Amino acid sequence: MKFIRSLEDIGEYALLMRRVLSVPDRMREFVKEFMKGVYTLGVNSIWIVIIISFFIGAVIVLQIALNIDSPLLPRFTVGVVSREIILLEFSSTIMCLILSGKVGSNVASEIGTMRITEQIDALDIMGVNSANYLILPKIASFVAFMPVLVIFSMFMGLFGGYIICMVLGTPSVETYVYGIQAFFRESFVWYSIVKSMLFGFIIASVAAYFGYTAKGGALEVGAASTNSVVINSVLILVTDLLFTQLALG
Amino acid sequence: MIEIKNLTKEFDGKLVLADINTTFHKGVVNMIIGKSGSGKTVLLKCLVGLISPTSGEIWYDSRKFTGMKSREIRRLRRDIGMLFQGAALFDSRTVLENVMFPLEMFSRKNKRERRKRAEFCLERVNLSEAATLYPSEISGGMKKRVAIARAIALNPKYLFCDEPNSGLDPKTSQLIDELIQDITTDFGMTTVVVSHDMNSVINIGDNVIFINEGIKEWEGSKAEVMDADNEKLNDFVFASDLFKKIKEAEEIISEDENQEKMNK
Numbered sequence: 001m002k003f004i005r006s007l008e009d010i011g012e013y014a015l016l017m018r019r020v021l022s023v024p025d026r027m028r029e030f031v032k033e034f035m036k037g038v039y040t041l042g043v044n045s046i047w048i049v050i051i052i053s054f055f056i057g058a059v060i061v062l063q064i065a066l067n068i069d070s071p072l073l074p075r076f077t078v079g080v081v082s083r084e085i086i087l088l089e090f091s092s093t094i095m096c097l098i099l100s101g102k103v104g105s106n107v108a109s110e111i112g113t114m115r116i117t118e119q120i121d122a123l124d125i126m127g128v129n130s131a132n133y134l135i136l137p138k139i140a141s142f143v144a145f146m147p148v149l150v151i152f153s154m155f156m157g158l159f160g161g162y163i164i165c166m167v168l169g170t171p172s173v174e175t176y177v178y179g180i181q182a183f184f185r186e187s188f189v190w191y192s193i194v195k196s197m198l199f200g201f202i203i204a205s206v207a208a209y210f211g212y213t214a215k216g217g218a219l220e221v222g223a224a225s226t227n228s229v230v231i232n233s234v235l236i237l238v239t240d241l242l243f244t245q246l247a248l249g
Numbered sequence: 001m002i003e004i005k006n007l008t009k010e011f012d013g014k015l016v017l018a019d020i021n022t023t024f025h026k027g028v029v030n031m032i033i034g035k036s037g038s039g040k041t042v043l044l045k046c047l048v049g050l051i052s053p054t055s056g057e058i059w060y061d062s063r064k065f066t067g068m069k070s071r072e073i074r075r076l077r078r079d080i081g082m083l084f085q086g087a088a089l090f091d092s093r094t095v096l097e098n099v100m101f102p103l104e105m106f107s108r109k110n111k112r113e114r115r116k117r118a119e120f121c122l123e124r125v126n127l128s129e130a131a132t133l134y135p136s137e138i139s140g141g142m143k144k145r146v147a148i149a150r151a152i153a154l155n156p157k158y159l160f161c162d163e164p165n166s167g168l169d170p171k172t173s174q175l176i177d178e179l180i181q182d183i184t185t186d187f188g189m190t191t192v193v194v195s196h197d198m199n200s201v202i203n204i205g206d207n208v209i210f211i212n213e214g215i216k217e218w219e220g221s222k223a224e225v226m227d228a229d230n231e232k233l234n235d236f237v238f239a240s241d242l243f244k245k246i247k248e249a250e251e252i253i254s255e256d257e258n259q260e261k262m263n264k
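Protein sequence lines correspond, in order, to chains C and H.
Quick note on this note's numbering: the first sequence kicks off at 1 and runs consecutively.
Quick note on this note's numbering: the second sequence kicks off at 1 and runs consecutively.
Keep in mind that the hints were calculated from the coordinates and are not lab data.
There may be inaccurate statements among the hints.
Derived, one-sided and incomplete: chain H residues facing chain C with beta-carbon distance under 10 Å [said to hold, decoys possible]:
1) Asp12
2) Leu15
3) Leu50
4) Ser70
5) Phe106
6) Ala151
Here are the simulated EDC-like pairs of lysine to aspartate or glutamate, each with C-alpha atoms no more than 16 Å apart in a straight line [said to hold, decoys possible]:
7) H:Lys245 - H:Asp235
8) H:Lys111 - C:Glu29
9) H:Lys109 - C:Glu29
10) H:Lys26 - H:Asp61
11) H:Lys45 - C:Glu118
12) H:Lys157 - H:Asp79
13) C:Lys36 - H:Asp91
14) C:Lys32 - H:Glu97
15) C:Lys215 - C:Asp121
16) C:Lys215 - C:Asp9
17) H:Lys45 - C:Asp121
18) C:Lys32 - H:Glu104
A quick note: this is a predicted structure, and the numbers were derived from the prediction, not measured.
For glycine and all other residues, C-beta sits at the position ideal for the given N, C-alpha and C.
Construct the entire structure; sequences and hints are all you get.
See below:
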């Protein structure tokens, strides 16, 4: 029964996306909603990205410095490994898992509340493509702002490591800076950005689906919000595995 | 004019609307009345396409609504205004922005003209002073009036109202009823009101349809409601003590008049 329900969900999601991914009724209104989305979903997430990236970056450097204390490995390895972890996985995957909680629940509860208070029905009755009007600007703004969040996260993660090296002195700041520049591959940054944009699409669209199809009252909106976070987390992890194999494997 | 032909709706095999046939006329207030759970809101939702009927036809003047493609439905809906039970105003927009919304989406007017039209609609519902307020800052009755202003912004041909008086005090209810009546006559709209409020029926029900357990039991004018020879309708109408007393008073007056005539 649950399996059939899941298949139904996939079908409903695909049909919803067909309605979402169409030309907006009024471009002016789309741009207005897009800018609103950039602010509420993107700009408002910068602080959480900065704080988490800074501390996790510091902890990564600290852990690596403590755990690869071998005379066979040069000390700048701490910088190299930390950079690769931050660039390849932390700033895209882990950050998106965190954002799926913040942004996903925000989108699901906002659209879910509009559904149960008949605001979406009101849009439909006016002849507006409600799915396109409400969801497309959210997806587009979040996906478009994702590279900014990822770059912020990368810099803050590496900066956190820099501060920990400055405070503890092991490895030295110079060695760490040398390490984060050594064997640098620019393509990893692009890989991370593209991956995070894909995750951005998943987070916004899945959360919007759960909100849009919410039925009942406040309790169901809460459940839609929770479900969106859970499903988003699973989808991000599975997509990460597939995307990594496809892009780097 | 809206025509309903043999409309049936089933939910999981359970019959909710059974073979409904009726016509809603232009320029008058058409009321659908009935007990809670009788199927009147389902009928309204079928009429506006929020629910697809199991069988039957709905015609908007010469346009067949049932079976229309979604693009055509969206085009037709630009001729429809709807007042929802909870008003359904957009929380993030001010009262004026709510009224301007349909104009922004579909009107070719420039910004100044759109604003002017929205201000006219707000004036029509006596709410000019609330233009800058948000829905959370106004009362339930005011919300309903804003929703009416939004519904008429694009000069619709058809107006649907779902329980327009629910949760309102008698005086505000009367105000909303009068507003619906005036708008219907002024703009020559086909108005359909779903209600279980008998005061509204007596106030504005030009054409009344009574639905009971998904079946259309009775149809007539507001003047005929009180004297209708339908047991189920009488049970519904005279469930209220007030209407029982009105009926009794009418009977006493009529008996007195007859007595007077006899004496003469």
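We went through each hint and held it up to the structure:
1. Asp12: 15 Å, violated
2. Leu15: 22 Å, violated
3. Leu50: 6 Å, holds
4. Ser70: 9 Å, holds
5. Phe106: 7 Å, holds
6. Ala151: Holds, about 9 Å.
7. H:Lys245 - H:Asp235: 14 Å, holds
8. H:Lys111 - C:Glu29: 13 Å, holds
9. H:Lys109 - C:Glu29: 15 Å, holds
10. H:Lys26 - H:Asp61: 10 Å, holds
11. H:Lys45 - C:Glu118: 12 Å, holds
12. H:Lys157 - H:Asp79: 5 Å, holds
13. C:Lys36 - H:Asp91: Satisfied, since the Cα-Cα distance of roughly 15 Å is no more than 16 Å.
14. C:Lys32 - H:Glu97: Measuring from Cα to Cα gives roughly 13 Å; hence the hint holds.
15. C:Lys215 - C:Asp121: OK: C:Lys215 and C:Asp121 at ~12 Å, within 16 Å.
16. C:Lys215 - C:Asp9: Judged against 16 Å, a Cα distance of about 14 Å means the pair holds.
17. H:Lys45 - C:Asp121: Judged against 16 Å, a Cα distance of about 10 Å means the pair holds.
18. C:Lys32 - H:Glu104: OK: C:Lys32 and H:Glu104 at ~12 Å, within 16 Å.
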